[in-house]
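Here the protein sequences come in this chain order: A and B.
Residue numbering for the first sequence is 141 to 909, as defined by our numbering.
Residue numbering for the second sequence is 2 to 130, as defined by our numbering.
No lab work stands behind these hints: they were computed from the structure.
Ideal Cβ placement from N, Cα and C applies to all residues, glycine included.
Be careful, since some hints might not be right.
What the hints assert, rightly or not - Covered stretches of chain A (chain B as the covering partner; in silico rule of three or more C-beta atoms under 8 Å from a C-beta of chain B):
(1) 152-160
(2) 530-541
Claimed, not checked - Which bits of chain B does chain A cover? Going by a derived footprint, with three or more residues having C-beta under 8 Å, they are:
(3) 21-29
(4) 48-59
To be verified - Which residues of chain A face chain B? A few of them, derived with a C-beta cut under 7 Å, are:
(5) Lys527
(6) Met746
(7) Ser747
(8) Leu748
(9) Ile763
(10) Ile764
Residue-level listing of the chains:
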Amino acid sequence: MLGRFLIYIAFASSLFATIGYYLSFKGRKSLIQKARLSYHISAIFVILASAFLLYLILTHQFQYTYVWSYSSTDLSTPLLISTFYAGQEGSFMLWTFYTAVLGLFLMSYSRRNGYEAEVMSVYSLVKVLLLLILVVKSPFEYVWETWPNQVHEGFVPPEGRGLNPLLQNFWMVIHPPIIFIGFAAMAIPYSHAVAALLRREYLTWVKPAMPWTIFAALTLGAGLAIGGFWAYETLGWGGFWGWDPVENSSLVPWLIAVGTIHTMYVQRRTGAFARWNLGMSILAFILVLYSTFLTRSGVLGDTSVHSFVDPGMWVYLLLISLILIFSFIGFGLLFARRKEIPKVKVESDLLSREYNLFLASALLLIVAGFVIVGTSSPIITKILQGKASAVDVSYYNKTTLPLGIIMALLIGLAQTMWWRRTNPEALMKSLLFPTAAATVFTSILIVAGVREVLMALFVLTSSFAFFVSLRIAYKIARGNPKYIGAYLTHIGVALFFLGVIASTKYDKTQVVSLPKDQAINVFGYKLTYIGNQKIDKEKVAYNVKVEKDGDSFIAPLQMYFSEYNQGVMRHPYIFSLLNYDIFSNPNLLAFLVKNTLTNDLYLSPMSLEKSGGFNPHTTGDLIILDKNQEKVVGDYTLKFIRFDMTSEDMAKMMSGQDFAIGAVIEVTYKGKKQQVIPKIYYRNNMPMPEGVKVGDKQLTFVNLNVESGQIAVSLRSNGAVSEVQGEPVEVLVIEASVKPFINLVWFGVIVILAGFVVSMIRRISEVKK
Amino acid sequence: MKLKIVVGSVLIAGFIIFGAYSFMESNVKYVTIEEAKKTTRKVQIVGEWVKEKESYYDARTNQFIFYLKDDNGDVVKVVHNGAKPNNFEIASHVVVKGRYVDGIFESQEILTKFPSKYQSADALKQYQN
Numbered sequence: 141m142l143g144r145f146l147i148y149i150a151f152a153s154s155l156f157a158t159i160g161y162y163l164s165f166k167g168r169k170s171l172i173q174k175a176r177l178s179y180h181i182s183a184i185f186v187i188l189a190s191a192f193l194l195y196l197i198l199t200h201q202f203q204y205t206y207v208w209s210y211s212s213t214d215l216s217t218p219l220l221i222s223t224f225y226a227g228q229e230g231s232f233m234l235w236t237f238y239t240a241v242l243g244l245f246l247m248s249y250s251r252r253n254g255y256e257a258e259v260m261s262v263y264s265l266v267k268v269l270l271l272l273i274l275v276v277k278s279p280f281e282y283v284w285e286t287w288p289n290q291v292h293e294g295f296v297p298p299e300g301r302g303l304n305p306l307l308q309n310f311w312m313v314i315h316p317p318i319i320f321i322g323f324a325a326m327a328i329p330y331s332h333a334v335a336a337l338l339r340r341e342y343l344t345w346v347k348p349a350m351p352w353t354i355f356a357a358l359t360l361g362a363g364l365a366i367g368g369f370w371a372y373e374t375l376g377w378g379g380f381w382g383w384d385p386v387e388n389s390s391l392v393p394w395l396i397a398v399g400t401i402h403t404m405y406v407q408r409r410t411g412a413f414a415r416w417n418l419g420m421s422i423l424a425f426i427l428v429l430y431s432t433f434l435t436r437s438g439v440l441g442d443t444s445v446h447s448f449v450d451p452g453m454w455v456y457l458l459l460i461s462l463i464l465i466f467s468f469i470g471f472g473l474l475f476a477r478r479k480e481i482p483k484v485k486v487e488s489d490l491l492s493r494e495y496n497l498f499l500a501s502a503l504l505l506i507v508a509g510f511v512i513v514g515t516s517s518p519i520i521t522k523i524l525q526g527k528a529s530a531v532d533v534s535y536y537n538k539t540t541l542p543l544g545i546i547m548a549l550l551i552g553l554a555q556t557m558w559w560r561r562t563n564p565e566a567l568m569k570s571l572l573f574p575t576a577a578a579t580v581f582t583s584i585l586i587v588a589g590v591r592e593v594l595m596a597l598f599v600l601t602s603s604f605a606f607f608v609s610l611r612i613a614y615k616i617a618r619g620n621p622k623y624i625g626a627y628l629t630h631i632g633v634a635l636f637f638l639g640v641i642a643s644t645k646y647d648k649t650q651v652v653s654l655p656k657d658q659a660i661n662v663f664g665y666k667l668t669y670i671g672n673q674k675i676d677k678e679k680v681a682y683n684v685k686v687e688k689d690g691d692s693f694i695a696p697l698q699m700y701f702s703e704y705n706q707g708v709m710r711h712p713y714i715f716s717l718l719n720y721d722i723f724s725n726p727n728l729l730a731f732l733v734k735n736t737l738t739n740d741l742y743l744s745p746m747s748l749e750k751s752g753g754f755n756p757h758t759t760g761d762l763i764i765l766d767k768n769q770e771k772v773v774g775d776y777t778l779k780f781i782r783f784d785m786t787s788e789d790m791a792k793m794m795s796g797q798d799f800a801i802g803a804v805i806e807v808t809y810k811g812k813k814q815q816v817i818p819k820i821y822y823r824n825n826m827p828m829p830e831g832v833k834v835g836d837k838q839l840t841f842v843n844l845n846v847e848s849g850q851i852a853v854s855l856r857s858n859g860a861v862s863e864v865q866g867e868p869v870e871v872l873v874i875e876a877s878v879k880p881f882i883n884l885v886w887f888g889v890i891v892i893l894a895g896f897v898v899s900m901i902r903r904i905s906e907v908k909k
Numbered sequence: 002m003k004l005k006i007v008v009g010s011v012l013i014a015g016f017i018i019f020g021a022y023s024f025m026e027s028n029v030k031y032v033t034i035e036e037a038k039k040t041t042r043k044v045q046i047v048g049e050w051v052k053e054k055e056s057y058y059d060a061r062t063n064q065f066i067f068y069l070k071d072d073n074g075d076v077v078k079v080v081h082n083g084a085k086p087n088n089f090e091i092a093s094h095v096v097v098k099g100r101y102v103d104g105i106f107e108s109q110e111i112l113t114k115f116p117s118k119y120q121s122a123d124a125l126k127q128y129q130n
């Protein structure tokens, strides 16, 4: 009850704050004190509600549906904290928390700069509607409220359902807390734009809005990067980016925010692009809302690997109305005021910095457009074809590649341009070194094996961007390093592009079978499967010894049956600087630095097989036997009598250990009747059938259906396996791949973010002046 | 100034056409097995795993083979390039993406869909008498 009560008070007081601020803007100045007070109260109650939820999680109050759904008593404290935002209700809570806290900073900031009432009335409305979602979909619901007829009131489950093993990861603990700062922060440029429209103050607003826009891009960007680390490290996608709706939905607002920064820079200097900046700032936040709608409303339904939980009718409608309300306020005002926004003549010279910065902004908008159309494809196809279907990942690669090439070229060119007009001769002179360097670099790579035209072009423009940025950054670093932000970021972008090309286009993958204790050479590494062991109550590690140049390291590849996901989970082991095992295992770091700085090695477990045992490839079709019914197969008559399982095996099965189950089968061959019991051995939940000899054939029990009393067997000629005798050997099948220069991707990302930090500090200091 | 507008609109139109073309090209339609057999395009089929028929993972070729039955009751043999997906056993529905070639469906991607038993009260019942 307490949790809900806190949310209600926070909701009511933020509503007061919004109204108070708006009325004070409309002239009733005295109300601003009350509005401020209301905002503080609501922020305090949001913080209290969040603290309360955290308290419930840490003390395992499983009578709350949310706590029960995502946590359990066996989780470590960091993981337990991460269950706060493992579900929808908690992520909205986290978003609201950040919105409330950032609002406190925004309040004093805007008060200093003299537009508190306008900006806070808009910003506070965002909080009102987020709180409304929490009122409708509360994290403080009791289990007997969620399932009124099935669970009796006052019931406290002794244990929770636990956290999805995919989310039990260091990167996942820190990913949502960072990305939601970005989501919350995106409301601030929006509020500034709407406040500017309300105040009819179209030119000067970008100065105070700029640090916030950079802040939003920085935090959202950091969140995206960490999401990429997670995908690479844990999901086993084999890459850091899968163009998944959840990823795309954070990428799109980020692209818009980054585009806005470029033209805000021009407006600060010349006053041009006022309308564009207003529109883009509004759009960035609307896209945050639209993305939330796409990924939280269940509208994408069946079209993605992610399973999207349908949150129910009310949340669906609320999310839609959120988009409509804020679009109406933002774009409506922009449309109404469009005539009075002063039009500063833009320098139309192609060789001006203004014009090129605008092109950058427009290009980022176009990229965002392609991505959002692709992500919305289930909705678009549903409308056009009546049946929802998603676009293939190739759509994104196809559309973004040419834009990436242009973008890299533009990064190089625009940074050498002067304001107003560049002297063509001076331009030629400053481009000489980067062009030459990029040409040499690309030629070397073409000789080394880059053969595709588009890839070679992308390498050319990316390295061009790199050399241009590096040269300017070097000059600035010697003069005034405070101004290095933008150049640093662009160096990072160029490195990132090069890393993406190398690691995604020129990676190598091979499926290898590793018989136990037998070394196999793959990509210059010697791999030996040395056995497996249980690492906790369900996870099993398959240890592969990796050797190179005298160094060796034992990689635990995980493959296990997850109770939570009801299926086999496979965790790759990655020799990567992102592997956080380096904190606990100093040997790994030494091995990495020595062997994998330029090439990550990625080992994914696929399955555990047995040589000499059952090889289904040669079985042909399976024979289905019903209980007590004879079936004639060639010369053989088969009759399934009953299952055979010892009570010991039964107990093992119940406790999740390895066990065996047999099928008693009566075989009649050449007039002779005999009973045989072929068995299936389950090792780490992997079925491993072992056949028995009947006549001149091998009878293998392959599959079973206990309820219907059916089994599937195979009967194949004995000759195929007769030569393999003795103890069968375990064979671990893995997929090994090497990703060249993927560290450039991570390094590029870090440089990009560092550049954002430097720029943000500079713009903050300029506001204070 | 006029020239800039013309160049701008041509560029924008170009991007839109390029985008629309890529969109149509990459949009993988949901079809039935019968329809999949008639086209060489990449399609996707929703269906159920036929558990009675053979299904196995072949380590040598890294292929997972199983049979899929669609809503019309047609059955097709699926050869998937890759391991058996996580959660395959309990999936209520399976979506395969790929092409139908010479009697088999060559799948490049499998999505598994689950009965929405997440957050259901069933899991709670074990504690109640």
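Here is what the structure says about each hint:
1. A stretch counts as covered by a chain when three or more of its residues have a beta carbon under 8 Å from one of that chain; for the region 152-160 of chain A and chain B the count is 0, and the coverage is violated.
2. For the region 530-541 of chain A, the stated coverage by chain B holds: 7 residues have a C-beta nearer than 8 Å to a C-beta of that chain, and at least 3 were required.
3. Using a Cβ-Cβ cut-off of 8 Å, 6 residues of the region 21-29 of chain B lie near chain A, which meets the minimum of three, so the contact claim holds.
4. Closer than 8 Å: that is the beta-carbon criterion, and the region 48-59 of chain B has 7 residues meeting it against chain A, so the requirement of 3 holds.
5. A distance limit of 7 Å between C-beta atoms decides the matter here; for A:Lys527 the minimum to chain B is near 6 Å, and the interface restraint holds.
6. The interface hint given for A:Met746 is met, as the beta carbon of that residue sits about 4 Å from the closest beta carbon of chain B, less than 7 Å.
7. Annotation: A:Ser747 was flagged as interfacial toward chain B, and the flag holds, the nearest CB pair being 5 Å apart, inside 7 Å.
8. Checking A:Leu748 against chain B by beta carbon gives a least distance of about 10 Å; that is not within 7 Å, so the hint is violated.
9. Taking 7 Å as the C-beta contact cut-off toward chain B, the hint placing A:Ile763 at the interface is violated, the least distance being around 10 Å.
10. Using the Cβ-Cβ criterion of 7 Å, the hint placing A:Ile764 at the interface with chain B is satisfied: the shortest such distance is roughly 5 Å.
Of the numbered hints given earlier, the model fails hints 1, 8, 9; all others are met.
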